[in-house]
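Protein chains in written order, with my numbering: chain A, 1 to 317; chain B, 1001 to 1294.
No lab work stands behind these hints: they were computed from the structure.
If a hint is listed, it holds; no wrong ones were tucked in.
To list a few chain B residues with every Cβ distance to chain A over 10 angstroms, as calculated:
{"id": "1", "residue": "S1057"}
{"id": "2", "residue": "R1181"}
{"id": "3", "residue": "E1182"}
{"id": "4", "residue": "G1239"}
{"id": "5", "residue": "F1240"}
Selected chain A positions facing chain B (in silico; Cβ < 10 angstroms):
{"id": "6", "residue": "R23"}
{"id": "7", "residue": "S25"}
{"id": "8", "residue": "P94"}
{"id": "9", "residue": "I95"}
{"id": "10", "residue": "L115"}
{"id": "11", "residue": "E120"}
{"id": "12", "residue": "L121"}
{"id": "13", "residue": "I137"}
{"id": "14", "residue": "V185"}
{"id": "15", "residue": "L292"}
The beta-carbon is built from N, C-alpha and C at its ideal position, and this holds for glycine as well.
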Amino acid sequence: MTHITLSARSWQGSGRLADITFRGSSRIAASALVALLILIGVLLFATSRLTWETFGLSFVTGQTWDPVAGVFGALPFLVGTILAASIAVIFAAPIGIFTAIYLSELAPRRLATPLTFMIELLAAIPSVVIGLWGVFILAPFLRLTVEAWIVSVFGWIPFLGGPTYGIGLFSAGVILTIMILPTIVTISREVIQAVPGSQREAMFALGATRWEVIRRAVIPFARSGIIGAVILGLGRALGETMAVTMVIGNKDAIPASLFDQTQTIASKIATSFSEASVGIETSSLIALGLVLLVLTIIMNVVARLLVWRVAEPVGGR
Amino acid sequence: MAGATQAIGAGRLTGTRAASRRTRTDQLMRSVAALAAIACVVPLAAVLVFVTLNGISALNVDLLTKASRAQGIGGGAFAAILGTVQMVGLATIIAVPFGVLAGVYVNEFASRRSGRAIRFAADVLVGVPSILIGVFVFTFLVLPFKQYNAFAGSVALAVIMLPVIMRTTEEILKLVPVSLREASLALGIPTWRTVLSVVLRTGLPGILTGIMLAVARAAGETAPLLFTALGSQLVNVGGFNKPMDALPLFIYVNARQPFELQNQQAWGAAFLLLLFVLVVNILVRTRTAGRRAQ
Chain A
1 MTHITLSARS WQGSGRLADI TFRGSSRIAA SALVALLILI GVLLFATSRL TWETFGLSFV
61 TGQTWDPVAG VFGALPFLVG TILAASIAVI FAAPIGIFTA IYLSELAPRR LATPLTFMIE
121 LLAAIPSVVI GLWGVFILAP FLRLTVEAWI VSVFGWIPFL GGPTYGIGLF SAGVILTIMI
181 LPTIVTISRE VIQAVPGSQR EAMFALGATR WEVIRRAVIP FARSGIIGAV ILGLGRALGE
241 TMAVTMVIGN KDAIPASLFD QTQTIASKIA TSFSEASVGI ETSSLIALGL VLLVLTIIMN
301 VVARLLVWRV AEPVGGR
Chain B
1001 MAGATQAIGA GRLTGTRAAS RRTRTDQLMR SVAALAAIAC VVPLAAVLVF VTLNGISALN
1061 VDLLTKASRA QGIGGGAFAA ILGTVQMVGL ATIIAVPFGV LAGVYVNEFA SRRSGRAIRF
1121 AADVLVGVPS ILIGVFVFTF LVLPFKQYNA FAGSVALAVI MLPVIMRTTE EILKLVPVSL
1181 REASLALGIP TWRTVLSVVL RTGLPGILTG IMLAVARAAG ETAPLLFTAL GSQLVNVGGF
1241 NKPMDALPLF IYVNARQPFE LQNQQAWGAA FLLLLFVLVV NILVRTRTAG RRAQ
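The shape of chain A in the complex, shown without the other chains:
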């Protein structure tokens, strides 16, 4: 293959063989990527078979997780995951969308560029570093300020009262907000920038104010992409592990209040996996992982399709 001689004919011959090899190997590399995705699902299913055979689909709705009694149910973690991610989306969606609007429609360029850069940097901070900051700085701060305020004002509403620990569901939600903001901002911004200028010009020509242009011409055009960006953020919030594990409190129970300590699927796996006994317990933890995988893949597929509808992929993530 590599013995190149001076004869033109054999040069061509070796060239063809090398062409086929090169094209073939690049094709294998690309297929490996697709295969990897399928393999993750298959292997997680295969190694959690014991759990699915024992509990069937009632594993998903089971409320107790008791390794000693050998009973495993995913519901507390599923609820914890969905609650924490919902809190994050409730905060991050409006902030993120407004920021994207500001960056692409309102801010002067010399402000938009550094702001975009900083938001990209926020996305680059390792999860465990944000978690460390969350445990020692953010959680105590929230406990003394926001949590205390909510309890004193809205404490009479069932889910909003109770003792506050700082470490708990609410802090996890806030941490997740911070972590999914860059996703929502970056992709919404990309989508908004894909809106054709003629959309805007037509409305400006009619005498509309900036906000009216954004509201009536830009947002409707970019809507499905922005929804996609939010779902992508939600997907990230569902699977985010380290920072959440460090601030959520790791109590295997459905939270009784917004400030209660609980677990997400990811944090449960992170805290219990290496100490689990091989057999049904490990299998059940992997089954939890499979539930999470299905959730996040659905979110990602839906989100990507929505985003691609508005803007063919240009950016990396």
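Given chain A's structure and the hints, the job is docking chain B onto it.
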């Protein structure tokens, strides 16, 4: 249409109640948007300030040169630093050829449809929670051998890096002008040589950028290492069949200790990690931003 007509009228009659209400709404929403942007930057500033303040005061020679010891006694992050360097290094060696070749395939050889499918798969793979990558690798590289090992950790990190490298490679190659390929092919140079020596050569700086970003990302990943490399108190050089420590694992474990000293060390290690990640990101992004502007 009705709204638009109304808008014309209102715009002309400046000073009427409708017009001033519209201006007020406009002003209000603009300020809300600006406030939202500020709200996005505050957490970044807060993390940077606290990690820097707590981290610098925890930095000392011990942290950089000593292996971690039993709880509360002392020691340092030496084993973790070495472990991160080794595991990320091996992960890079595994992920780069696959990622670059896959990017080449999508951009140079694939049909429009299969190219889209592979790109889609890469995007979905980026969205798979990193802890599940750890579980996935555990099932075939730890479970059968009943031994946590650094090799499994490297493979998990490689899986994280792979789609990132593939996507950046593909995007960079898209920017290489077709005329370059045509010129090379017209000289009778076979496709593989054209791709290697012309296309990849031209895109090399961009591809390296993508690899650096992937390295920075892998260096900060904790979850994929939890049940693959596991972490270790011992300095492990080259023992890829044994558990190995990593900087993110070191931060996680020490943050959970009830000892002040351990927590201090977590801050110190976090500062080191953050410094590395941010320096790589800033270098890479300012360079690419400059190139884009040209």
